[in-house]
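> Take the given structure of chain A and dock chain B to it, following the hints.
Below are the chains, spelled out letter by letter.
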Amino acid sequence: MNGIQRARTFLLGAYHDLPNVLFIGSLLLGALVGYLPLIFVAIGLIVNGATISAFQGLLRLLFPTWSQIVVPANSVACDIFGKINGVLRPPLSGELVAVAPSHWIGAAAFFAVFSVYNSARVLGRDAATNAPADKVDNRRAFSLSTLVIGVVFLLLVFARGFTGCETWLGASLGALIGGGLAIIYWGILDACGAGTVPDILQVVGSMAPGGANSEVPVVCTAPPTT
Amino acid sequence: MASKIVEEFKRVIDFSVSGFKYNLQVLPDTITAASLLFALLFQSPPLATLGAGFILLNFLHPSLAEFTTRFVSNTLGPEVDPQLCSGQFPGISYDRLMNMSSEKTFGALNRAGWPSFYSVFLGYLIGWIGPLPLIYRKEIDASPRRAGATTLGLIVLGLVVIIAGIFRVQSGCESVFGLFVGMLAGLFIGGLLVLGVAWISERRMTNILGLPLIRGKAPDGKPIYVCERNSGGQ
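Sequence order for the protein chains is A and B.
So for the first sequence, my numbering puts the first residue at 7; every next one is plus one.
So for the second sequence, my numbering puts the first residue at 45; every next one is plus one.
Warning: the hint list may mix true and false statements.
[As the list claims (entries may be wrong)] If you want the ones that stay clear, here's a sample from chain A, every Cβ over 12 Å from chain B, calculated: (1) Leu44; (2) Trp72; (3) Leu102; (4) Leu175.
[What the hints assert, rightly or not] Pair ranges (Cβ atoms, derived): (5) A:Asn136 / B:Pro106: 56 to 64 Å; (6) B:Pro89 / A:Asp143: 42 to 50 Å; (7) A:Ala165 / B:Gly216: 35 to 43 Å; (8) A:Ala13 / B:Gly192: 23 to 31 Å; (9) B:Ser47 / A:Asp132: 51 to 59 Å.
By construction, these hints were calculated from the structure, which means they are not laboratory data.
Note that the coordinates shown come from a computational prediction; the quantities given were computed from them, not determined experimentally.
For glycine and all other residues, C-beta sits at the position ideal for the given N, C-alpha and C.
Extracted from the complex, chain B is given alone in its bound form:
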């Protein structure tokens, strides 16, 4: 009986470890799918903006990879297992693998991507979420409880990026230099995009934190919030 319990416990641990590794492996696709699905289910424009940004990154990355390939040639791209390192869901169709397994020419490196989509995605995530406390500084300052949640969010973001980065380098999918360059590129794209969208939409479309926006201050110093269109719905 005791050995059976130990065996079950080991199975749960094995399952948790493999699940953890799997989720690190497909993190970009998982986060993209989740943000799009939640945006649809909860009718949330900020989540939709985040998801649309991830899709945009899918289109921007090949151009970025082509650009870098022109300059660094094919010497910096390590030989990687495309299924393990793509950061995408394991294909129901394996056309992606077939595309990548052709002889390694200039174009093949471009498809494999250097810097990798994964590293650009991590940088993009930091670039998008990192500036939010600055963009919504007034609102966060007015609510210490939200300030705590925001700080915790930044800590979680840091942990996720560090763990994912270590996993990528350790699993041979990424060189430290490639990871750094990719993250830097993603950081730039994400930061630029979040600031641009925040400016265009008067901070409404990037309000993923769900903060009530402050318009000004009352004579007694208390903040005056902008009530959202459906927030006054009694």
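Chain A extracted, bound-state conformation:
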């Protein structure tokens, strides 16, 4: 297989597996390098998945035959794990599976909204008194660029709708639950960590002490608690 075919398979595979990539990537990379906010994001994705499963069960109970909620399990193309030989049993003929709210959209929206919201909060953070203007601009430019990339990523997430793997209701509910939970979860982490825990961009955590002046070189020394 040449490089282009390999790249194509990789990109399509990564998109198809996105929730899995986000979860395993956050968990493993976070644990391997001691990147605590990423581990918290992975925990958030578990909570998000459990919430979506609960909603799926509830909606299936209320609307057992509505085609926006349940669809026949006639294809494994939309199932992340279904492609693995011998790992999962093939779906039975006529078996229905719940697709609303969507796990895929929910997980991807959770991650994207968490990232965008974090960028927006860092962007909107007040500057310290006497802070050098160029450094404030640097921080804001960095936050703005991550915010824009996050929004583009969010739009790409919604392109999943063109794959035929989502219903309108499933995608909308998934995005609402995932996005809503991300903001609530960010708020909870922020309340526990005073702005440093959910800062996945590590902007706030690496700020120099307040009052730094461009005339005076900034010397950061280890805090007494570390």
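Showing chain B alone in chain A's frame:
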């Protein structure tokens, strides 16, 4: 009611087990995709360097496999299921499978790869992350809290590599010898690359641990850190 709860519980367990196996199966592609995606989303040069290293490994591995094939002939490559053992995402396109299912010639073994990409990837991961505590020893020594996180990271790395290695051997994708040779090759490539990049970039591009870099020590013995370009952003 109770039987339904038990049934649901069994389904969750089955799902978790199959998910765990699946993730072991596609670990190289998952980690590569995650590091590239996070590098883009968080604008992180060290993560981008890590991801670029994984891509480089994708290009280096065929050459390595060709080199070893010239010496070991096609007797050491076990018959493996390419979808199960490639370490790549299950193909949306199955051209990879078609490429591999042709008659087993010298070139076919080369494409299947010996040592496998998976084993080289595991070695590469150790080779890249393993030396980081040595490269950033000063910074880690100055912060016991980060030292704990780094030690934990190394333990997690060890566990991941051991579990993935056992899974590969047990699922028939790898011989113990092949795994060892692949990991050794990956270790060499990863170690060489991380040390080289750290040296060229004055340790900035490999700072995946996000440690504030120490420039020297103040007269009272406290470390003086290098403030990053955007870190002083008030």
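> Would you mind marking each hint as holding or not holding in the structure?
Status of each hint after checking the structure:
Consistency note on Leu44 of chain A: stated as away from chain B, yet its beta-carbon is not over 12 Å from all of that chain's, at 8 Å minimum. Every CB of chain B lies more than 12 Å from the CB of Trp72 of chain A, the least distance being 22 Å, so the non-interface label holds. The beta carbon of Leu102 of chain A is kept farther than 12 Å from every beta carbon of chain B, the shortest such distance being approximately 15 Å. Distance check for Leu175 of chain A against chain B: the nearest CB is about 23 Å away, which clears 12 Å, and the non-interface claim stands.
Restraint check, Asn136 of chain A to Pro106 of chain B: a C-beta distance of roughly 57 Å satisfies the suggested window 56 to 64 Å. For the hinted restraint 42 to 50 Å between Pro89 of chain B and Asp143 of chain A, the CB-CB distance of approximately 20 Å leaves it violated. At roughly 38 Å, the beta-carbon separation of Ala165 of chain A and Gly216 of chain B lies within the given 35 to 43 Å, and the hint holds. At roughly 39 Å, the beta carbons of Ala13 of chain A and Gly192 of chain B sit outside the given window of 23 to 31 Å.
For Ser47 of chain B and Asp132 of chain A, the Cβ-Cβ distance of about 58 Å falls inside the hinted range of 51 to 59 Å, so the restraint holds.
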